[in-house]
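Engineer: Now for the letters of each chain:
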Amino acid sequence: MSLRVAPGQRIDWHDTRIASRFSNFLFIDKYYRSHPVLRRIFSQARQHKFQSLLIESLSAATCPLLAAEDAALRVRRPDFKGSSTHRLSFWICPPDQPSAGSFLGYVIFKSDYFTSPKPQDHIYEAVLPPVRLPAHNNFIHCQRSYAVTTVAGIQSVSGVLYAQQNGLTHVCAHVALRSALACLLPEADISYAEMNKLADVDHKKRQVGGGKGLDPDQLVDILTGLGITHDKVVHEPSLGHILQTEFQRDLYGAIESGCPALMGFELEDPNTGSQGPGRHLVPVIGHTFNDDAWVPEAQRYYFGRNLGYFSSESWLSSYVLHDDNFGPYYCLPRHFLKKDNFRLVLGLQQHPTAFSASEAEAVGLDLLKALGTAKPPFAQGDWYDRFAVFSKENLLVLRSQLMQKADYLQHLREMRCWDGASLEGAEIDSLAQALPERFWMIEASAQELFAASRRKFGELLLSCTTPLPSPLPRPLPRPVMLSLLLAARLPGVVLMPKDGELVVTPRRLQGHTPIFTAWEDTPRPPENDNTTPAPSPEVFVSYAWSPESTAIVDQLQQAFANNGTRLLRDSEDIRYKDSIRDFMRRLGQGKCVVVILSEKYLKSESCMFELTEIAKAQDLRERIFPIVLPDANIYKATGRIRYVQHWENEIQVLDAALKTVRADNLANLQSDLTLYAEIRRLFDSITDTLKDMNALTPAQHEDTSFAELIRRVRAQLGGAGADS
Amino acid sequence: MTYATQQLTQALQELTNRKQAAQPKPRAFGSKVISADRLHFSEEVAAFLDEKQQYAQKTRTVSVGSY
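Protein sequences, first through last, are from chains W and P. Numbering follows the working numbering, with no gaps: position 143 of the first sequence is 143. Numbering follows the working numbering, with no gaps: position 45 of the second sequence is 45.
Misleading hints may appear alongside valid ones.
[What the hints assert, rightly or not] Listed below are the simulated DSS-like cross-link pairs for lysine-lysine, each with C-alpha atoms no more than 30 angstroms apart in a straight line: (1) W:339 <-> P:58; (2) W:205 <-> W:81; (3) W:405 <-> W:498; (4) W:691 <-> W:591; (5) W:603 <-> W:691; (6) P:32 <-> W:498; (7) W:691 <-> W:616; (8) P:32 <-> W:392; (9) W:600 <-> W:691; (10) P:58 <-> W:212; (11) W:636 <-> W:691; (12) W:118 <-> W:81; (13) P:58 <-> W:338; (14) W:405 <-> P:32; (15) W:49 <-> W:30; (16) W:197 <-> W:81; (17) W:636 <-> W:591; (18) W:591 <-> W:49; (19) W:375 <-> P:32; (20) W:81 <-> W:212; (21) W:197 <-> P:58; (22) W:212 <-> W:197.
In case anyone wonders, no lab produced these hints; they're calculated from the structure.
Isolated chain W (complex conformation) (with noise of 0.2 angstroms):
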């Protein structure tokens, strides 16, 4: 049983909003004898907005592995005394009222005591979500749902586990292998005694901690020992074994396909003792993304370091990782750490590949350049052209990632061309008999189209089972070459190797489609989880009846379709006899509103109800998403006045027309006469608000069949968490 749904006794639970005066850091001296890491998680939770803290004792008498971690100790130290285990867990809500999605996340804080009156404490493990989210351009691929048990019922949470060693029973590499194991096994986590007994550290004869820690064969045997393959990157100039290659290249072609990595450097440390100088080893999980980055082009013509291609990992600016000396998601700038530094990196994987992310990538350069020059049939659209021409003046992007079959056929299914264009099942179903349940694929862009619009050419898929041959022939021979080659999908065509030759056909997507978006994979829960799974993401349009703000509805719900998200629109989902005005408050709510800002709409009294219950709702700029037609008048204060003069007119028009009859039983014709006189009120800082978004045009929104708004609503419907 682990700790996080052991069951635990209540000590207290704080309001801990600033406007009651808590400080995380008064708290924490107080109750935690200033430790710097819960320090960190705590403003974690602030930048969360949590208003409340749970704290809950846990015993060794309800907890067995609580348990088996204190006999650990006891073998290792005999003077270890006991431990003192707290629950901390975080909440947006005010203590004592939970509600649903009010639970934030947890740390559960261990004190181990020996002889010293003074413990030795060490996060035993956190989850919390990440601050930032894909919409910042932060990529963690790998989360996980954890279900955590507190007096308040079961909660979840997802995030990457975080951990910290205690330097006797574990490490530093026990607390980054159980982050990064985390991510991958079904349990989503492990014991460090489970570690200990596949690394056969007994701590008797062979103990950890005291600066010894597990050495580069233990970590394999781990593992091993659980059935994980890895890819191993190794830097040891001492040795004489000196990479040739960028290490930051194999660490992004390990976690751009979903899996954490390891990476192991060394310390400059003045006070190196006899051991010569200390390891540390840290858990990567994520990346995030800068699409205005110097480092290709400069790289290139500045520095002469021309690889025949960008590789998408040159917009990367920084790694994400859990360091457990400081603690959770913090980013390593790309360039931070230097090769001399650098000494490990163990790239794990769900499933054995013949050759690497790095390697996949190469191979498919060649067939890329290969195939533009070859110039198939049917391939005559402009975009083959221009990937041609890309190919040609060695200026594609490429991006590789190991896929699994069910999620490339759900890509290729939501795929849509620039042009509107889709695939047809039967084109799909062709492709799909070809694969196997895991290939390489290798996406060609060029820069504007992947940095800027997340979007390629096409892609090629590789077989990640058939091994290269060894030695190498140079060149590649064409046999071996399309014995890699499962596909290539590329602007009008789709072309698989058959005996030899390669049999081109004819596609309907002539251009440019959207890459692949593994970011926006919903956290994994582990395999014994029984949380319930969360409903289907709502969104809400609100526009008014016309047939161009129609027409965009109709574009923009087909859109979000394609993405797994339902858009709720007044027409299809107001059954017959049901309350317009309940569905238009239930709009209002909406954690996610797309508004179609025309004129018609700023003079509709249904129409602006809706946008006075949004913004009467709060948090108007988190929940609104506005498209905002050219006769939508809101950017000059000349157009605003008129808005405010139609309202004033309608409201003395109304209040003259009801000075006429008598007043009794007119609750509804007054009612409406408030609503006006609120329209008037509010009119002013809501499109104040809306005009001061920077809302793409009708015609952009199109152009990228509504990317960028999806990927905006997708990250608000995520909850919380870019580029830091």
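Fit chain P to the given chain W structure using the hints.
Structural biologist: Okay, now just chain P, sitting in the frame of chain W:
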């Protein structure tokens, strides 16, 4: 403008001019086969892969330091 950018710009412009002059092509159906002989591969890529594989093989059992 760098030399490579100039080349790309020129190539894209030539492409555009050719397209504008060309007649619309009829939509093709069915599949066609092209010979693998039309595919030409690079020595540099094979050299990169070879060096990478040799290095991986050489360092596969290296276990230095403790973490």
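Engineer: Run every hint past the structure and note whether it holds.
Structural biologist: For each hint, the structure was consulted:
1. Of the pairs offered as hints, the one joining residue 339 (chain W) and residue 58 (chain P) holds, with about 19 angstroms between alpha carbons and a cut-off of 30 angstroms not exceeded.
2. For the suggested pair residue 205 (chain W) and residue 81 (chain W), the alpha carbons sit about 22 angstroms apart, so the restraint of at most 30 angstroms is met.
3. The hinted pair formed by residue 405 (chain W) and residue 498 (chain W) meets the criterion: a straight-line CA distance of about 20 angstroms does not exceed 30 angstroms.
4. Restraint check for residue 691 (chain W) and residue 591 (chain W): satisfied, since their Cα atoms lie roughly 20 angstroms apart, inside the 30 angstroms limit.
5. Restraint check for residue 603 (chain W) and residue 691 (chain W): the C-alpha separation of about 17 angstroms stays at or below 30 angstroms, so the hint holds.
6. Between residue 32 (chain P) and residue 498 (chain W) the CA atoms are separated by roughly 11 angstroms; this keeps the pair inside 30 angstroms, and the hint holds.
7. About 18 angstroms separates the Cα atoms of residue 691 (chain W) and residue 616 (chain W), which keeps this hinted pair within 30 angstroms; it holds.
8. For the proposed pair residue 32 (chain P) and residue 392 (chain W), the alpha carbon gap of about 24 angstroms is at most 30 angstroms, so the pair holds.
9. For the suggested pair residue 600 (chain W) and residue 691 (chain W), the alpha carbons sit about 17 angstroms apart, so the restraint of at most 30 angstroms is met.
10. Distance restraint check for residue 58 (chain P) and residue 212 (chain W): the Cα-Cα separation of roughly 26 angstroms lies within the 30 angstroms cut-off, and the hinted pair is therefore satisfied.
11. Annotation: proposed proximity of residue 636 (chain W) to residue 691 (chain W) holds, straight-line Cα distance about 9 angstroms (limit 30 angstroms).
12. With a C-alpha separation of about 12 angstroms, the suggested pair residue 118 (chain W) and residue 81 (chain W) falls inside the 30 angstroms cut-off, and the hint holds.
13. Between the alpha carbons of residue 58 (chain P) and residue 338 (chain W) the distance comes to roughly 22 angstroms, so the proposed pair stays at or under 30 angstroms and holds.
14. Our distance criterion of 30 angstroms between C-alpha atoms is met by residue 405 (chain W) and residue 32 (chain P), whose separation comes to about 26 angstroms.
15. Between residue 49 (chain W) and residue 30 (chain W) the alpha-carbon distance is near 22 angstroms, which keeps this suggested pair within the 30 angstroms criterion.
16. As the CA atoms of residue 197 (chain W) and residue 81 (chain W) are separated by approximately 24 angstroms, the hinted pair is consistent with the 30 angstroms bound.
17. Taken as a hint, the residue 636 (chain W) and residue 591 (chain W) pair is honoured in the structure, with Cα atoms around 29 angstroms apart against an allowance of 30 angstroms.
18. Taking the CA atoms of residue 591 (chain W) and residue 49 (chain W), the gap is about 17 angstroms. The hint holds against a cut of 30 angstroms.
19. Simply put, residue 375 (chain W) and residue 32 (chain P) have alpha-carbon atoms about 13 angstroms apart, close enough for the 30 angstroms limit, and the pair holds.
20. In summary, the hint linking residue 81 (chain W) to residue 212 (chain W) is supported, as the alpha carbons are separated by about 23 angstroms, within the 30 angstroms threshold.
21. For the hint pairing residue 197 (chain W) with residue 58 (chain P), the CA-to-CA distance comes to about 29 angstroms; that is within 30 angstroms, so the pair holds.
22. Between residue 212 (chain W) and residue 197 (chain W) the alpha-carbon distance is near 17 angstroms, which keeps this suggested pair within the 30 angstroms criterion.
Going through the hint list in order, the structure satisfies each hint without exception.
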